[in-house]
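> For reference, the chains in residue letters:
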Amino acid sequence: MIEIVEHGAVRELRLARPPANALSPELIVALAKAVGAAAEEAEQAPGLSERPPRPERLAALVLSGAPGMFSAGLDVPYLLTRDRGGIRDMWHELYSLMRGLASSPLPLVAAITGHSPAGGAVLALYCDVRVMAAGDFRIGLNEVRVGLPMPPVILAAMRRLVGPRLAERLCVSGALLTAAEAERAGLVDEVVPAEQVVERAVAVAAELAALPRAAMAETRRMARADLVALFESGMHQADTEVEGLLDSWFGDEAQDTMRALVERLAKRRAGGG
Amino acid sequence: MIEIVEHGAVRELRLARPPANALSPELIVALAKAVGAAAEEAEQAPGLSERPPRPERLAALVLSGAPGMFSAGLDVPYLLTRDRGGIRDMWHELYSLMRGLASSPLPLVAAITGHSPAGGAVLALYCDVRVMAAGDFRIGLNEVRVGLPMPPVILAAMRRLVGPRLAERLCVSGALLTAAEAERAGLVDEVVPAEQVVERAVAVAAELAALPRAAMAETRRMARADLVALFESGMHQADTEVEGLLDSWFGDEAQDTMRALVERLAKRRAGGG
Amino acid sequence: MIEIVEHGAVRELRLARPPANALSPELIVALAKAVGAAAEEAEQAPGLSERPPRPERLAALVLSGAPGMFSAGLDVPYLLTRDRGGIRDMWHELYSLMRGLASSPLPLVAAITGHSPAGGAVLALYCDVRVMAAGDFRIGLNEVRVGLPMPPVILAAMRRLVGPRLAERLCVSGALLTAAEAERAGLVDEVVPAEQVVERAVAVAAELAALPRAAMAETRRMARADLVALFESGMHQADTEVEGLLDSWFGDEAQDTMRALVERLAKRRAGGG
Chain E
313 MIEIVEHGAV RELRLARPPA NALSPELIVA LAKAVGAAAE EAEQAPGLSE
363 RPPRPERLAA LVLSGAPGMF SAGLDVPYLL TRDRGGIRDM WHELYSLMRG
413 LASSPLPLVA AITGHSPAGG AVLALYCDVR VMAAGDFRIG LNEVRVGLPM
463 PPVILAAMRR LVGPRLAERL CVSGALLTAA EAERAGLVDE VVPAEQVVER
513 AVAVAAELAA LPRAAMAETR RMARADLVAL FESGMHQADT EVEGLLDSWF
563 GDEAQDTMRA LVERLAKRRA GGG
Chain F
313 MIEIVEHGAV RELRLARPPA NALSPELIVA LAKAVGAAAE EAEQAPGLSE
363 RPPRPERLAA LVLSGAPGMF SAGLDVPYLL TRDRGGIRDM WHELYSLMRG
413 LASSPLPLVA AITGHSPAGG AVLALYCDVR VMAAGDFRIG LNEVRVGLPM
463 PPVILAAMRR LVGPRLAERL CVSGALLTAA EAERAGLVDE VVPAEQVVER
513 AVAVAAELAA LPRAAMAETR RMARADLVAL FESGMHQADT EVEGLLDSWF
563 GDEAQDTMRA LVERLAKRRA GGG
Chain R
313 MIEIVEHGAV RELRLARPPA NALSPELIVA LAKAVGAAAE EAEQAPGLSE
363 RPPRPERLAA LVLSGAPGMF SAGLDVPYLL TRDRGGIRDM WHELYSLMRG
413 LASSPLPLVA AITGHSPAGG AVLALYCDVR VMAAGDFRIG LNEVRVGLPM
463 PPVILAAMRR LVGPRLAERL CVSGALLTAA EAERAGLVDE VVPAEQVVER
513 AVAVAAELAA LPRAAMAETR RMARADLVAL FESGMHQADT EVEGLLDSWF
563 GDEAQDTMRA LVERLAKRRA GGG
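Chains as they are written, first to last, in our numbering: chain E, 313 to 585; chain F, 313 to 585; chain R, 313 to 585.
Just to be clear, a hint being listed does not mean it is correct.
[As the list claims (entries may be wrong)] Label-pair restraints from in silico Cβ distances:
no., chain 1, residue 1, chain 2, residue 2, range
1, E, 576, R, 505, 52 to 60 Å
2, F, 545, E, 553, 57 to 65 Å
3, R, 574, E, 356, 51 to 59 Å
[Claimed, not checked] Selected chain F positions facing chain E (Cβ under 10 Å, derived; list incomplete):
no., residue
4, 441
5, 523
6, 539
Since the hints were made in silico from the structure, they are not lab data.
All C-beta atoms in this analysis are idealised placements derived from N, C-alpha and C, irrespective of residue type, glycine included.
Kindly generate the complete structure, drawing on both the sequences and the hints.
Shown next as structure tokens:
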């Protein structure tokens with residue numbers, strides 16, 4: 313579900329779950345593991361565990377998707393079949409992934425190769441830098457339009473990128489933005505032609521990887537400490553947040569809205585098939 | 313003093329105290345009551361208390377003013393005739409209004425129909441979205457130019473919209489901005505032709521009113537919790553802030569500056585009459 | 313090392329340590345003293361200590377540099393010759409200067425007359441307003457590229473100006489920006505032709521000096537309280553931060569990077585001489 317492409321000191325983790333890179337529990341876990349494994353590998357003495365050793369020590373990550381579709385977010389059709397225990401597990405895995413991205417010792421650059429709604433945007437929020445493909449692609453936190461209130465840690469990460477005013481407006485209205493709008497808002501950092509988005513993300517990551525390692529890592533640790541702190545008030549808070557999300561998830565409003573969404577998607581596929 | 317215009321699920325509260333919608337204690341109280349009454353009505357079981365029931369349940373508010381003049385802010389000429397007890401009451405009513413706007417369960421869109429200095433800008437700060445009329449109209453927190461230090465809760469609300477750097481620069485210098493400058497700073501969200509400002513504000517409010525109700529309300533509650541928290545450290549803090557404002561108000565600098573302002577206004581009116 | 317130029321109510325403090333206004337311990341102390349002395353003078357009863365009394369009471373400061381070079385930052389070639397005690401003293405003097413700029417009762421406008429990397433940018437961060445010379449000049453916090461992690465109080469001051477997203481990106485990557493890029497990021501407030509930068513900074517300072525004094529001072533005190541608070545958790549925190557900086561300073565990475573930098577500078581000078 314995750315394809316790995318090495319670019320010297322930069323490793324690209326490419327989401328590969330067709331057709332839409334929807335975030336199933338399995339993809340969430342696979343991505344968290346790939347990020348964790350990269351961190352472990354980078355911290356090992358270089359060369360020791362590698363036969364043959366890599367010419368350049370792993371120092372940064374790129375998170376990419378498929379051309380035209382970074383990630384469609386949570387896999388709603390599948391999740392609608394799960395009970396409260398299954399949805400609880402999914403949210404805990406997602407919190408664990410967000411925490412892993414926030415606290416990754418390796419810089420992370422998102423190569424937003426296409427559409428990136430809801431959970432797709434969430435992955436990008438927690439990276440260091442976001443490079444998005446120009447074109448008719450949308451990004452945003454549209455959870456409210458699906459009937460789900462914004463999880464507190466995601467709202468907080470959004471505020472960090474775009475400030476309290478725009479975070480309020482964008483999250484409350486569930487707006488999806490074009491790449492150009494997202495750049496103006498600060499939700500993405502750069503917009504480049506779609507065919508260059510991975511290349512540019514790798515270049516940004518390679519530049520970070522080439523900096524004096526200890527100074528960069530320590531500065532990065534401080535600059536992202538507030539993001540990591542969202543997850544450090546103990547599992548008690550995450551538990552509380554997740555139970556609130558579950559109450560909303562299984563409420564009439566969210567269930568009705570999600571079912572209507574899935575029906576629209578099914579009809580559109582049937583119509584196109 | 314408040315005209316009410318219904319637009320389906322959106323209620324427009326139109327400030328109507330000619331000639332300048334200056335915020336007298338009575339207007340402040342009337343606006344707070346109108347906002348509170350709307351919230352109560354929206355929370356009632358739909359239809360029960362309405363004969364005949366409204367076709368659409370009240371779900372959002374627009375706050376508008378007169379063409380060319382949203383609100384001139386505090387009614388300085390009148391307030392200069394009041395003693396410390398009267399000014400204290402006025403500030404407590406204004407704090408109460410700001411708290412009511414911040415914690416309104418209904419989304420609030422400001423239709424800034426014209427000039428909006430000082431207290432006029434304050435009303436807009438506490439709304440969800442600000443739509444301003446293009447043209448030669450000014451908005452800003454020019455309290456310092458009237459000899460009044462910025463009340464802490466207003467400075468905090470301003471920081472939330474434009475960030476600490478611009479809040480410092482704009483509040484310290486008492487700058488009044490054109491609509492275009494205000495949009496660039498983040499002090500307003502949209503600028504439209506003057507004759508469309510109410511229509512556009514109603515459209516923004518109607519869009520919010522049409523979202524899944526519970527998800528929108530919960531996300532909005534979280535996104536505005538920091539604004540509400542400004543007023544939640546108990547009345548003790550408001551009391552302390554207000555006594556500080558009273559000391560400034562009755563100091564020589566503020567009294568001299570406000571009297572000079574009122575004389576200029578009187579001369580201008582006499583000259584024009 | 314500091315030239316003083318009076319402009320009515322505005323005093324210009326001009327860094328004058330050729331060739332690059334590099335921040336030696338002596339220049340740091342001299343600037344802190346000049347800022348402190350201006351505050352004391354402004355607070356004295358006007359005229360009492362002046363023979364003849366100044367026509368206008370001192371009310372604002374401008375901090376300027378040399379044409380083309382505001383300040384090159386810390387004097388690395390000199391500092392490389394100092395031991396841990398010497399570098400510790402230097403950092404404590406720099407913290408003391410930053411605290412003095414943050415808490416200055418007189419408004420401070422930076423006239424960024426040219427290049428302003430690292431420590432040069434730090435001086436500007438702690439002013440009220442930053443006016444920068446247009447042209448091929450660079451400003452930024454490039455400490456990481458010199459092998460030094462960003463001191464926490466400087467990262468916090470940067471976040472206050474440009475927000476958490478850009479502070480993270482700019483500090484982690486050690487980017488130097490053109491004046492136009494710095495204005496877009498919010499790192500500087502205005503860009504004007506190089507020959508007008510001091511004049512414009514004096515005009516901004518004079519405008520602040522002409523406002524109702526008490527209202528301006530109290531609003532400014534509130535708006536900058538978060539900046540001052542960075543230094544108010546007691547000397548214990550500064551001590552801890554400085555010891556961390558010393559460990560980095562004398563680590564292999566920083567020493568190697570700084571020595572390589574000094575060699576490049578020496579070769580460039582030899583080549584040009």
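> Answer holds if the nearest beta-carbon of chain E is closer than 10 Å to that of residue 539 (chain F); otherwise answer violated.
Since the shortest Cβ distance to chain E is 8 Å, the answer is holds.
> Is the distance from the Cβ of residue 576 (chain E) to the Cβ of residue 505 (chain R) consistent with 52 to 60 Å?
With Cβ atoms ~57 Å apart, the hint holds.
> Report holds or violated for the interface hint on residue 523 (chain F), using the least CB-CB distance to chain E and a cut-off of 10 Å.
holds (6 Å)
> Regarding residue 545 (chain F) and residue 553 (chain E), is the given constraint of 57 to 65 Å on their beta-carbon distance met?
violated (24 Å)
> Quick check on residue 441 (chain F) please, does its C-beta sit within 10 Å of some C-beta on chain E?
Interface hint status for residue 441 (chain F): holds (6 Å vs cutoff 10 Å).
> Does the Cβ pair residue 574 (chain R), residue 356 (chain E) satisfy 51 to 59 Å?
About 34 Å separates the Cβ atoms of residue 574 (chain R) and residue 356 (chain E), which means 51 to 59 Å is violated.
Against the hints set out earlier in the document, violations occur for numbers 2 and 3.
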